[in-house]
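Trainee: Next come the chains, spelled out residue by residue.
There are 2 protein chains.
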Amino acid sequence: MIVSGIKDFVISPGSRSTPVVILLAEMAKNNDLNLFIDVDERSASFFGLGLSKKNRRPIALICTSGTAATEYASAIAEAKLSQVPLVVITTDRPMELSNIGAPQAIDQMKLYGSNTKDFVSFDLQTAVDTIKDYVTFETQRIVLAAQKRPIAPVQINLPFRKPLMPELNTEDPIVKKIAAINSETRLNQKFIDHLSGRKLVILAGPEVKDYHQELLALAQKQNIPVIADVLSNIRQNSPEVITNFDQIVKNYDLSENSDYRPDVVIRFGGTLVSAPTSRWLQAIESETEIINVANNGLADHTLSSNETVDIDELDLIEQLTIEGLTSEPQFTERLLKLSHQVANYQTRYLENDFSELMIPQILDEHLPEDANIFLSNSMPVRDFENFYQGKETRQIYCNRGANGIDGVVSTALGVSAFSSDNYLLIGDLALFHDMNGLMMAKRYDLSLTIIVINNNGGGIFSFLPQADAKEYFEQLFGTPQDIDFDQVAKLYGFDYYQATDQAELIASLSTPKHQKIIEVTSDRIKNLQDHRDFDAGLKKELNNYVKNNH
Amino acid sequence: MIVSGIKDFVISPGSRSTPVVILLAEMAKNNDLNLFIDVDERSASFFGLGLSKKNRRPIALICTSGTAATEYASAIAEAKLSQVPLVVITTDRPMELSNIGAPQAIDQMKLYGSNTKDFVSFDLQTAVDTIKDYVTFETQRIVLAAQKRPIAPVQINLPFRKPLMPELNTEDPIVKKIAAINSETRLNQKFIDHLSGRKLVILAGPEVKDYHQELLALAQKQNIPVIADVLSNIRQNSPEVITNFDQIVKNYDLSENSDYRPDVVIRFGGTLVSAPTSRWLQAIESETEIINVANNGLADHTLSSNETVDIDELDLIEQLTIEGLTSEPQFTERLLKLSHQVANYQTRYLENDFSELMIPQILDEHLPEDANIFLSNSMPVRDFENFYQGKETRQIYCNRGANGIDGVVSTALGVSAFSSDNYLLIGDLALFHDMNGLMMAKRYDLSLTIIVINNNGGGIFSFLPQADAKEYFEQLFGTPQDIDFDQVAKLYGFDYYQATDQAELIASLSTPKHQKIIEVTSDRIKNLQDHRDFDAGLKKELNNYVKNNH
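Sequences listed follow chains A and B, in order.
Sequential numbering of the first sequence, starting at 4, is according to my numbering.
Sequential numbering of the second sequence, starting at 4, is according to my numbering.
Quick caveat, the hints were computed from the structure, so don't treat them as lab data.
Idealized CB from N, CA, C, for every residue including glycine.
A portion of the hints provided could be inaccurate.
Not close to chain B: a few residues of chain A, all C-beta gaps over 12 Å, as computed [as the list claims (entries may be wrong)]: (1) Gly-8; (2) Lys-193; (3) Leu-198; (4) Leu-306; (5) Thr-329; (6) Thr-350; (7) Arg-351; (8) Lys-550.
Label pairs and their in silico Cβ distance ranges [stated by the list, open to error]: (9) B:Glu-99 with A:Lys-193: 26 to 36 Å; (10) B:Ile-528 with A:Asp-110: 31 to 41 Å; (11) A:Arg-535 with B:Pro-515: 41 to 51 Å; (12) B:Pro-515 with A:Gly-540: 56 to 66 Å; (13) A:Arg-535 with B:Phe-421: 42 to 52 Å; (14) A:Ala-510 with B:Gln-128: 46 to 56 Å; (15) A:Asp-504 with B:Ala-470: 49 to 59 Å; (16) B:Pro-515 with A:Met-168: 43 to 53 Å; (17) A:Lys-193 with B:Gln-128: 40 to 50 Å; (18) A:Met-168 with B:Asp-485: 21 to 31 Å; (19) A:Asn-34 with B:Asp-485: 26 to 36 Å; (20) B:Asp-35 with A:Ala-470: 21 to 31 Å.
Within a straight-line C-alpha distance of at most 30 Å, the following computed DSSO-like cross-link-like pairs (lysine-lysine) qualify [claimed, not checked]: (21) B:Lys-543 with A:Lys-165; (22) B:Lys-165 with A:Lys-542; (23) B:Lys-445 with A:Lys-519; (24) B:Lys-473 with A:Lys-32; (25) B:Lys-493 with A:Lys-445; (26) B:Lys-340 with B:Lys-394; (27) B:Lys-445 with A:Lys-473.
All chains, please: the whole structure from these sequences, using the hints.
Mentor: So, in structure tokens, the structure goes:
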């Protein structure tokens, strides 16, 4: 593993994994390795997911045999979809114990099915001369495979016979490294010429981290509007950046108005948080050239891309910058003014009483410049998409591949492991789901401020058609759990604050404690009404504005 | 589902599963159905596992799409190995949203690989005339398949398009039921004749519930010794029942002494809790006829069975009883006396000071006659194997298929759902692992007394070779979590007791509260020494006894 360049290991204790973890602990003495121990494999795997999301490098999960390995399944499904290179090392019983009733011997071969892109099982105890060379090569190959596009988890299965205690103090083997090769493509010059001067929009989706500064620089230099997903990490107070496009297209049918319809959309990044924006793409695709750039494994569930460019994004951005790609100035101005209008409405509206809607804005104004903000599914990320303006120095994270509400606490803690200013915005249900994840904060003294919006149940469901099934709603969807978060804080040694208004929330954010739970009590019915009222007012405002500015 | 005979449903809320759960809630009005709602799918699946273990009938798990479905993986692996007929209903995004970046759309086809024995995906919204008949038939077939030997979980995947709200108040469809067919075989008469009068032992492993009374009656009537695994549920104060065979063969090599070596072992049930007994089988197999009876899918990881009989156990027991199978009386007497000797030693020894060793005996003496006792892996089930005598009216449970320490609380609660006297013996680490499971006790007011042996970490590892890796032991294996169980009890509304000696443990067991956590603080090093001391004394005693009674 060391030769493959992995530095971070999340280990869940067990017996079968003994040879691997003992040797790792031994190697950690003379090598720059980070070993994390987490007894709950589900939490451990999401924690590793968070580490890798943060550090942009492969990390290894190591567990013992049996259901320990199956506990990883959810985080692996998430990693597959959010393209995180988890290297999953499952230790196993030897072949001669399979299928014959031996304890703790489940079938671990290709355990994660299509959620891992590659699989090997090494019988390290085979008495064959070439085994060491083979394993050295194959380990590097599979770790490299995990990092190649589409980035995805891989599984290495290691069956071990007893005795499980390895020999210590042996020398590290000398090994040859495999070089990673990057493919390079140049874009057709004609293609760039054909774009320039037309009504252009850049769409920056989630996970454009590796090139977000270059993309923003292009937009700013060339005055091209950027529709910025909350997870793009491009959001900031810059005139070209549109942070409220979801609000616009949700409340006004922009696709019908040719004044606001782009000729070309250049799309970067993954699946958008904003469903209305996705629907807008579908509505305009017959009249607009929608170019999907390589990222996200070329996937586009909106089926609106009518052109796909398989090229390194940085190369493309560089070429577009050099060639001086421009957009039609009137179109840019019109679109940005519309966005500005919505921003004004929002500012006025949010001077009203304290509500869930206000939280993204409060956090935006009061969190440190370089905060890591982890957003839970499902309401927090949506509210942030709508009401968060952003700072370029901040990083926003979310498990937005499989969109689970599981493992959120652990993933946030993984993200937080090497930083000091970390925040998690989460609902009561998702926090409960991965409450065990808090143990890692306690054991490793990790810094995290958790803002839990406690509306006692699943807030998202009030917005969905299920809300009409009143008879079953609370039992099947609302599912109030009546959790006492003060007790939760006590159990894990967190400080606890209750915030019933804006001033209390701001005050509790600014206390110097580094492990806090701030509970904001909310009400699902009121929250639904707040969102509806906001949208109704905006709808009116947008219609008037467009009518008067035609 | 109703037509397939399923009565128990464990539902984890979500959006995609709306059509199924709403219709179920509607049907529950006029049908005798039990719906449980558990927001944590991992806990939910283990809870369902427990329900099915208790009720001996298939239960359905229902979840939404995405990682929710992967959360079931561990309980399904356990169910596969412990032969529990879980019917796993995963709702899914429709085909047209797969592999193209749609949110929450993971690949759910055959998600659990070889841990489910059968799989179907129904497109219920297909506009084909025969779809209703097909689904009705296929659902009954797959639920029946789950219950046939080898009993195993099955997956039904249900992709749904929006809108997700079903039509209510429609009539139940009229459906034809499929009849289950039992195969019957008669045993060769010669075979039975050949067994009678020889040195016979019956070995009753785990999960012989369906015929444990008949098996015990046979042994009692014919004076055949029964080596009773703690999970056989045959253990009780009856002269033929040997409850301490693990202690005997661990401390004295019985295989070398022909006085104590049976000619024939008739083996029922699954993989034994006792590893020393398994090793004893391996040691005697060249000179002993070891007959493996159908159960447990014919599996025998000891590879010691030299004969396998594929027959219904009840039929076999009935035939053996009718034909008057006997054992050599001197052999029976000799073996039972040896066991009695060990029991005497144990009684004398356990008058010493309070220790983990004493707990099974204390529970045996002070729990109600009809208690359900759930044993966690990994130390509790081992200590019970050694130190629990038993009552025929009690039921002992354990997740002893994959032997995980995950999901133990939820499984125990599932077992407890329809009974009042329920007990869980568990270590601190396993309790932490599935602490979320306690939410079900709170929500459904389930009765459970948890005796948690808190030795602050993984007690089992002190007994394994890893204990020699002193430098890494606490970090990698001991893993102390410093959990405050008083806080845990407060969080979930349990009463909390601390028991530092025998009297306190007995007193706390007898309080009338129905949701309790009783914490017994222990020490891993002392516990190891206690076990070693016990064995050393017994070894001496056994050697003397056998020498003097040759």
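Trainee: Give a verdict on every hint.
Mentor: For each hint, the structure was consulted:
no., hint, verdict
1, Gly-8, "holds, 23 Å"
2, Lys-193, "holds, 29 Å"
3, Leu-198, "holds, 24 Å"
4, Leu-306, "violated, 7 Å"
5, Thr-329, "holds, 30 Å"
6, Thr-350, "holds, 30 Å"
7, Arg-351, "holds, 32 Å"
8, Lys-550, "holds, 33 Å"
9, B:Glu-99 with A:Lys-193: 26 to 36 Å, "holds, 34 Å"
10, B:Ile-528 with A:Asp-110: 31 to 41 Å, "holds, 37 Å"
11, A:Arg-535 with B:Pro-515: 41 to 51 Å, "holds, 50 Å"
12, B:Pro-515 with A:Gly-540: 56 to 66 Å, "holds, 58 Å"
13, A:Arg-535 with B:Phe-421: 42 to 52 Å, "holds, 43 Å"
14, A:Ala-510 with B:Gln-128: 46 to 56 Å, "holds, 52 Å"
15, A:Asp-504 with B:Ala-470: 49 to 59 Å, "holds, 55 Å"
16, B:Pro-515 with A:Met-168: 43 to 53 Å, "holds, 49 Å"
17, A:Lys-193 with B:Gln-128: 40 to 50 Å, "holds, 46 Å"
18, A:Met-168 with B:Asp-485: 21 to 31 Å, "holds, 28 Å"
19, A:Asn-34 with B:Asp-485: 26 to 36 Å, "holds, 29 Å"
20, B:Asp-35 with A:Ala-470: 21 to 31 Å, "holds, 29 Å"
21, B:Lys-543 with A:Lys-165, "holds, 29 Å"
22, B:Lys-165 with A:Lys-542, "holds, 26 Å"
23, B:Lys-445 with A:Lys-519, "holds, 26 Å"
24, B:Lys-473 with A:Lys-32, "holds, 15 Å"
25, B:Lys-493 with A:Lys-445, "holds, 19 Å"
26, B:Lys-340 with B:Lys-394, "holds, 21 Å"
27, B:Lys-445 with A:Lys-473, "holds, 24 Å"
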